[in-house]
Each structure stands twice: as C-alpha cells, then as structure tokens.
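A.B. asks: Take a look at the letters that make up each chain.
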Amino acid sequence: MPRWGMVIDLDKCTACQACVVACQVENNVPVVEEKEYRRRRAMSWMKIVSETEGSYPDVSQRFMPRPCMMCDNPPCTRVCPVHATYLNPEGLVAQIYPRCIGCRFCIAACPYTVKYFNWYDYHDRGPDELRKADNPDVSARPKGVVEKCTFCHHRLMKAKDKAAVENRPLRQGDYIPACVETCPSRAMYFGDLSDPESQVAQLAKSPRAFRLMEDLGTQPKVVYLSERKPYG
Amino acid sequence: MAETDWRKEEDAILLRPIFATGRTYYLVVAVLGALVLWGLVSYIVQYENGLGVTGMNFPVSWSFYIINFVFFVGISHAGTLISAILRLSQAEWRRPITRIAEVITVLVLGIGGMNILIDLGRPDRLMNLFLYGRYQSPLLWDATSITAYFTASSVYLYIPMIPDIAVLRDRSPPGWRSFLYRVLAMGWAGTERQHKVLNRAVAIMAVLVVPIAVSVHTVVSFVFSMTVQPMWHSTIFGPYFVVGAIFSGIAALLVIMAVLRKVFHLEDYLQPIHFSYLGLLLLVMVLLWFYFTFAEYLTTYYGNEPNEMRVFFAKLSGKYAPAFWAMVACNFAIPLPILAFRRTRTILGTVIASISIIIGMWLERFIIIVPTLANPRLRQYAQGSYAPSIVEIGIMVGCFALFSLLYVLFSKLFPIVSISEVREGREKTVEIVKERLDRYKPGLGKLPRATT
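From first to last, the protein sequence lines are chains X and S.
Under my numbering, the first sequence has 101 at position 88, and the numbering climbs by one with no breaks.
Under my numbering, the second sequence has 469 at position 234, and the numbering climbs by one with no breaks.
For reference, chain X alone in the conformation it holds in the complex (with noise of 0.2 Å):
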C-alpha cells in the first residue's frame, strides 16, 4: 500500500503562489465575495504563509507553501463525531462532505490550520464565470461542511481506473497533484513515501529535511527542505 507523500523544497520556492492558484482551479475551491474575504472567510486550500525573522536592519522574510500535512497521527480525525474525516489506508487524511455536521471541531483541533468552513453555500454565491470553469472531477461543497485539501484525491481515482484499464499497477508519475504539476521552480515533489527507490523517500531523507511542528508527534507527509532551520 502507498505511502502519499509530498517533499516542498524551501530554497527553490519563490513564493509565486501558482500552486495557490492552481489548486483554487482544480479543486473548485470557492473564491468568497470582497464583503467575505474581509471578514477572513477566504479559502485556499494550498496557502503560501509567510514569516518575518529579525528587525530592521537584520531582517528576512521567509515563504512556505501549506497545503495539508496529511499527518500519519492526524490530531483532527480523532475528534469527529461522525467519521467523516479519517485517515485512509493509502495515508490521506480524507474529508465526506456529505457525512459531515459541521461541528467544526476538526478545525479547532489541527494544529496546522488547514481546515476551511463553508459559512455559506460559496459555489452558488460565486459569479457563474467560475461556476463554468468548474472540475467535474471535484464535487462542490454545500454550505455548513468542512474541506481541506486533499492531495487531488480525484487524480489518483483517474489514475488507478486508468492504470486498470491498460491492464497495470500504477507508476510513479500517474498521480500528481495540481500543486506540484504546476510549480514552475519545480520546487514540489510528489510520490510513494514507502517505496524506498522513490524521489520523495529520497529527498525526504536529505540533511535539509524537516517537517512541520514535528514536536507535536502529528508525523505529516508534507516535508519541507531548507538549508535554514526549520520554519515556526
């Protein structure tokens, strides 16, 4: 069984925000009104969260792309009432928009931030431009559920039905998820945390590596890179 994983490397991100943009793209991820956004209701699934270090004159600002850590000890799947957020057997930390209550204590208790509310029914507020670019692949969230992103879950099931249909087992590279496909510093890297030969088990391997907030035993799959020390 795979082990999904992403490895984000610190020193080439340049903060350009096109893996923001092309997860909203590709996971229909709702663009909230102006009045919204201003009451911090925004969501972005994939979010470039940034740190200042220092005063002025010895000062540096550093970037981080946050999408969800996918943790192997998720904090948030152990407090649903109603199992609609669980880890799966391939290791995503999956969301069931239609089980969902809305109870919000998912995103009280991940440490990460990452989990996204809907206030209102968002896809239907949003200009019908959008609702014409929308993924079929990804269904539109109601109002009153929980979403995170999902490492483009809809990607791997096209690519299993399409690795089923020519007759194989999958391969490395069939499943990417829109973030990492778009970056153009190639700075994210996708893959099978388990298989050893693997790019991502390799790089997360490297001196550089450290994951987010390990100290709280969450043990994510996002790794990060940096010759710095480690981001928070």
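Quick caveat, the hints were computed from the structure, so don't treat them as lab data.
Keep in mind that the hints are not guaranteed to be accurate.
As the list claims (entries may be wrong) - Within a straight-line C-alpha distance of at most 25 Å, the following computed SDA-like cross-link-like pairs (lysine to any residue) qualify:
{"no.": "1", "chain 1": "X", "residue 1": "Lys242", "chain 2": "S", "residue 2": "Arg612"}
{"no.": "2", "chain 1": "X", "residue 1": "Lys48", "chain 2": "S", "residue 2": "Tyr282"}
{"no.": "3", "chain 1": "S", "residue 1": "Lys554", "chain 2": "S", "residue 2": "Phe527"}
{"no.": "4", "chain 1": "S", "residue 1": "Lys431", "chain 2": "S", "residue 2": "Asp246"}
{"no.": "5", "chain 1": "X", "residue 1": "Lys48", "chain 2": "S", "residue 2": "Tyr616"}
{"no.": "6", "chain 1": "S", "residue 1": "Lys497", "chain 2": "S", "residue 2": "Leu644"}
{"no.": "7", "chain 1": "X", "residue 1": "Lys25", "chain 2": "S", "residue 2": "Arg614"}
{"no.": "8", "chain 1": "S", "residue 1": "Lys554", "chain 2": "X", "residue 2": "Arg53"}
{"no.": "9", "chain 1": "S", "residue 1": "Lys497", "chain 2": "S", "residue 2": "Ile508"}
{"no.": "10", "chain 1": "X", "residue 1": "Lys175", "chain 2": "X", "residue 2": "Asn101"}
{"no.": "11", "chain 1": "S", "residue 1": "Lys431", "chain 2": "S", "residue 2": "Leu443"}
{"no.": "12", "chain 1": "X", "residue 1": "Lys242", "chain 2": "S", "residue 2": "Met544"}
{"no.": "13", "chain 1": "S", "residue 1": "Lys554", "chain 2": "X", "residue 2": "Ser68"}
{"no.": "14", "chain 1": "X", "residue 1": "Lys48", "chain 2": "S", "residue 2": "Ile628"}
{"no.": "15", "chain 1": "X", "residue 1": "Lys242", "chain 2": "S", "residue 2": "Arg614"}
{"no.": "16", "chain 1": "X", "residue 1": "Lys48", "chain 2": "S", "residue 2": "Ser620"}
{"no.": "17", "chain 1": "X", "residue 1": "Lys48", "chain 2": "S", "residue 2": "Tyr278"}
{"no.": "18", "chain 1": "X", "residue 1": "Lys25", "chain 2": "X", "residue 2": "Glu66"}
{"no.": "19", "chain 1": "X", "residue 1": "Lys48", "chain 2": "S", "residue 2": "Pro623"}
{"no.": "20", "chain 1": "X", "residue 1": "Lys242", "chain 2": "S", "residue 2": "Pro541"}
{"no.": "21", "chain 1": "X", "residue 1": "Lys48", "chain 2": "S", "residue 2": "Asn284"}
{"no.": "22", "chain 1": "S", "residue 1": "Lys431", "chain 2": "S", "residue 2": "Ile320"}
{"no.": "23", "chain 1": "X", "residue 1": "Lys48", "chain 2": "S", "residue 2": "Glu283"}
Let chain X serve as the given structure and place chain S on it in line with the hints.
C.D. replies: Then chain S, alone, in the frame of chain X:
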C-alpha cells in the same frame, strides 16, 4: 382530604401562584415569549443561510454558541448537584431551596445542549451521530454525559415532587390540570409504604446524580483539552471546569432565589440565612476559582512555550485584555469582599456578587475559547478576531428568555418550594436532631456493647 388538612392553609402562599393568575403573569409571559420568538427567527435565518450569518470566521470557528453551551451546562451544576449534596449531608436549610435548584438544572441543560445543535453547520444531518457515531470523539462523550445528567436530574426533580403533585391533584377543579396532576401523582396517598419507597428512591438518585454531574463538566472541558492547541491542552481543565460550573451555578441559584422571593413573597421560606449560607459556599468557590486560574496561568507563564505565550499575552495584555481583566474583577475582586464579610453577605450583597459572577463566568468561557482559536500555531493566521453578529446575539437573548419563560411556566404548574419537604422538616427535624444529640452523650454509645 385536602379540606380537612389545616396545614394547607399554612403553606397557602406556595400554592397561590398556581391557582391565582395575575396580570403581571401574562405580561411576563408575553415579553419573554417575544424574546424567544426573536431567538427563533434568528435561528431560522441562520438555518436558511448557513452559519455565515454569524460573526465566526477563519480561524475563530467556535464562539458564542460554544461559549453559551459551556456556560449553560455550567449553570446546570447549581441545581441537582447542590441539592444532592445538601440532601446527602442532611443540611436542614436545604428544604426550601432544593426544588428551585433542581428546576434550573433541567431547563438549563436542555438549553445548553440546544446550543450545540444551533452551532452545527448541518443540523439536518444530526442522525449521522447515531448512524456513524465514533466514540473516540469527545463530542460524543458530551452527548452521553449530558443526556445521562438530563435524565437523572429530571427524575430527581420529579420523584420528590410526587407528594406535592398529590396536594395539587386534591385541590384543583376538574380540567386538564387536574388530569395532569392525577397522572403525575401516580396514585400517591401518603401511606407509610409509599413514603418509604419515595425516600429510598430520592436517596438513590441523590447518590447517583453526584458522579454524573461531575462527569458532565469534566467531559465538556475535554472538548478543549483533548486537542493539542495552546492553552487548551491542559490537564487541569477537568477539575477547573467543574469548579467553575459549580461556581456559576450557585451564583445563578442565588439570583433566582432572590427573584422568586420577591415575586412570590416567599420571605418566610427563603430567609437571609439561606442567602448567607449559600453565600459562604459561593465564597469558597470564589477562592477555589482563583486558585485554579492562578495555577493555570502561572504554569503557562513559567513554562514560556512560545505558542502558549502568544495566547497568554493576547489575554493578559493584548486584544482580549479588557475581557480578561473584567473576568478577574467579576469573578474575584468584586465578589470576594462582598461575600467575606457578614455585614455585606446580605440578600442584596449576595445577589450583587452573584450577578457579577454570572457575567464573569460567561467571560471566562469566552476567554478560554476565542483567544486560543484566534492565535493558532502558524503565526500568519494569528490575526484572527471575532465580533458577534446580530443573529448570534438574538439567539443568545432567546436562550436566556427561553430559560426564564420555562421557569415561569414551571412555577405556574408546580410549587417552586417543596411543600412536602418543608413540612417534613417542621414535623420531624426536631425529633431527629434530639435523637442525634442524645446519642452524643458520653458513654452511651459504648454501653450496650460492653454489657453484651
């Protein structure tokens, strides 16, 4: 039976609100009804549009409803728990207070639980809790504990009320009320056997209810402390919440006692000594609350963990400082001197202290829930803020009005001071105490054993 019993006249004032209806009653019901309606309309607006009509946002995804949930469930510890402890310890002065307290519990628990449902983004999928419920979620621990407490305290309210209902049954003219009382009285005739069974049932329930009550606010705190979030992940939360719950509960009980005393002219039943005794109990809780709060905040401060410190300073000197220091004033600085001195521990004094504590404890829930959510570990999001919307305020007002309305309706149907218990006190207490005092005489306890 009713006509021949002369003591009926003695407690006539307890029956008056039930059999005589004044204009004020209709006025109060109308005003409260209107406020409840406001809350209901607010909820319908929310149901139709989604939780977007609230002030909640990212990352402050829990606020008023969860605060009110914790607050109301906290208040519920006034009643059944206090009443059970007083009954078990055979505190004589409990007699006029028990029912007043027990009703609070039952009503407020219902409203607290309701707030969780109000908070759901998809209340239409509530059945999923039964279809796909996972017991590892503290939310289900809550549901279990609260349901158990609600059931137990309803039974605990009902059983000691049976003799009173029988009194009402014998006095009411034929009609739906008389029918209701006849059914609820379950054929109570006041025989010795019935008394024995009743007392046994009350005693069992009193013992049963104490651990359930303690469990309720413990698991409410677990909703927060089971996560790894800064200033939530604390082992002290269970007992801290239980103490806070009893604290706010006694305060609510005192305020309601004062109101009932005024409105129903219960001066003979609820005397200054009741307020003074409960005031002393409240004083102990003031000190306990301060002790827990101090321990919690000092530990956080001394540990100096960066993520916790951001929440810590957001509370003490940041955006939430006004609420934090208002909480300290309301829960400690104001009530402590009032309750500590006998001269200020009057009815007025305890009521002022209690109102201050009720406000303070609501603020405490706010201070526990919102700053942590607004200051998550990823610092960029740590600019969260929150202000309630008109819908949230409407629903909160509606909740308070609903509580008051149901309380009024209850006191319209049943005597708010237990007639049978007060009477039992008059008839038996002197005898029981005399017997006990006799036993204290030196040597008497040993004598029988020595001779046999």
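A.B. asks: Hint by hint, say whether it matches the structure.
C.D. replies: We went through each hint and held it up to the structure:
no. : hint                  : verdict
1   : X/Lys242 <-> S/Arg612 : 17 Å, holds
2   : X/Lys48 <-> S/Tyr282  : 20 Å, holds
3   : S/Lys554 <-> S/Phe527 : 23 Å, holds
4   : S/Lys431 <-> S/Asp246 : 24 Å, holds
5   : X/Lys48 <-> S/Tyr616  : 18 Å, holds
6   : S/Lys497 <-> S/Leu644 : 17 Å, holds
7   : X/Lys25 <-> S/Arg614  : 22 Å, holds
8   : S/Lys554 <-> X/Arg53  : 17 Å, holds
9   : S/Lys497 <-> S/Ile508 : 16 Å, holds
10  : X/Lys175 <-> X/Asn101 : 21 Å, holds
11  : S/Lys431 <-> S/Leu443 : 18 Å, holds
12  : X/Lys242 <-> S/Met544 : 21 Å, holds
13  : S/Lys554 <-> X/Ser68  : 23 Å, holds
14  : X/Lys48 <-> S/Ile628  : 21 Å, holds
15  : X/Lys242 <-> S/Arg614 : 17 Å, holds
16  : X/Lys48 <-> S/Ser620  : 15 Å, holds
17  : X/Lys48 <-> S/Tyr278  : 22 Å, holds
18  : X/Lys25 <-> X/Glu66   : 19 Å, holds
19  : X/Lys48 <-> S/Pro623  : 16 Å, holds
20  : X/Lys242 <-> S/Pro541 : 17 Å, holds
21  : X/Lys48 <-> S/Asn284  : 16 Å, holds
22  : S/Lys431 <-> S/Ile320 : 20 Å, holds
23  : X/Lys48 <-> S/Glu283  : 19 Å, holds
Figure legend: structure checked against the earlier numbered hints; every hint is met.
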